[in-house]
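Chemist: The numbering of the sequence shown is the numbering used here, which starts it at 155 and goes up by one.
Hints in this document: simulated from the structure, not taken from any laboratory. Hints are not guaranteed to be accurate.
Claimed, not checked - The following label-pair restraints were derived from C-beta to C-beta distances:
no.	residue 1	residue 2	range
1	P267	S483	46 to 54 Å
2	K461	V279	30 to 38 Å
3	T474	V374	45 to 53 Å
4	T464	T349	17 to 25 Å
5	E437	G236	28 to 36 Å
Even for Gly, the Cβ is constructed at its ideal location relative to N, Cα and C.
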Amino acid sequence: MPRQCQRYARAAAFALSLLCLGVPARYARSDPDSTLPPEGPRDALVWSAVNDGIPTTAWIRATPKGYEVLSTREALVLSVGGNLSVVHVRTAKAPLCDCDKWQEAGFLEGPCPPAGETGSIQTLVAESLPAGKPATVSPRTPGPDENEATAWQSLEDQVTVQSSVGPYLFVVRSSSSSECGAIDRTWRSSFQVWTLETSRNVDILTPAERGALNAAARPVAFSRMEKERLLTDSAADLSMSAILTRYDPKAGLIVQYQFTAPACYACSDEWGSYSVSALVTAEKLPDSLRPYAEWPAFVQAYAKSRKDHTARGWTIVGGTPEEIERVLSQFKRIPESGSSEIPKSKVQSPRSPNN
Numbered sequence: 155m156p157r158q159c160q161r162y163a164r165a166a167a168f169a170l171s172l173l174c175l176g177v178p179a180r181y182a183r184s185d186p187d188s189t190l191p192p193e194g195p196r197d198a199l200v201w202s203a204v205n206d207g208i209p210t211t212a213w214i215r216a217t218p219k220g221y222e223v224l225s226t227r228e229a230l231v232l233s234v235g236g237n238l239s240v241v242h243v244r245t246a247k248a249p250l251c252d253c254d255k256w257q258e259a260g261f262l263e264g265p266c267p268p269a270g271e272t273g274s275i276q277t278l279v280a281e282s283l284p285a286g287k288p289a290t291v292s293p294r295t296p297g298p299d300e301n302e303a304t305a306w307q308s309l310e311d312q313v314t315v316q317s318s319v320g321p322y323l324f325v326v327r328s329s330s331s332s333e334c335g336a337i338d339r340t341w342r343s344s345f346q347v348w349t350l351e352t353s354r355n356v357d358i359l360t361p362a363e364r365g366a367l368n369a370a371a372r373p374v375a376f377s378r379m380e381k382e383r384l385l386t387d388s389a390a391d392l393s394m395s396a397i398l399t400r401y402d403p404k405a406g407l408i409v410q411y412q413f414t415a416p417a418c419y420a421c422s423d424e425w426g427s428y429s430v431s432a433l434v435t436a437e438k439l440p441d442s443l444r445p446y447a448e449w450p451a452f453v454q455a456y457a458k459s460r461k462d463h464t465a466r467g468w469t470i471v472g473g474t475p476e477e478i479e480r481v482l483s484q485f486k487r488i489p490e491s492g493s494s495e496i497p498k499s500k501v502q503s504p505r506s507p508n509n
């Protein structure tokens, strides 16, 4: 048999063996270590936060050996609908009150005398590139409302992006404040899921899913709380206060639900004064998050290699090769600044169970 025919015969035999094993010939790879999918996404943005709270986003590309990092920015950047969204924190000063002078005046109606010092209020903003109207992401301020602003003796306000799943941002606002005449300092937290697709709050749970969770997970959370700390003896008084997500290198997307119960002031945890919380791990994902249950192999490989911090979210960069290169050029020009700081979250109390 001619040598060229022998090569064709060997190739045909190899392809036939793959078909017998149930492996399509077009998926066959000569490199057994390859993590580059024959079809599907090749570019992704992965963001994480190191110990100081500053978010970092890496643009990674799939390669036959795994991945390569094309660029990194010290900012929180997501890809949604072919555009980039930069999420950053803005901090504004809040005037504080001179409570002593106000008390001398008998707490009369009217503005409180300024103390000459300021507290801080943070706002989370998502800005689309190359140009777009910034959208305010922050949930409502859980502290004193605007009409009570002049009564603040102290105020510290933080907005945290806890994580992201696809276009969804999981956002927590925490504030700690003291008001004139108050005996104790108070702290409050609130939670929301914000979608970058429509720039609005969304409920990622269907009514049926929420009802099932209240029936099944709420009693579990109640059983994990120290009863002597509570101001209730019924699981029915617990409310779902937050939804936490994270990606596990082996298990994929994990969702936890936080339930909160009324408690004595001295019993309070970090979520809020006069309350304690507990976490329950979801047995199955909500329908809205199922498309993001598993991360692509090259994204997973990158996340595993980052020993210094944990990936909090990722998005796929789609489009034609020309469009992707254009977006990559925009990504490389994103400014880096301290205004992008993502403060450490106060969602989970150190006393709350982890699963």
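Chemist: Please name the hints from earlier in the document that this structure breaks, with their numbers sorted from lowest to highest.
Modeler: none
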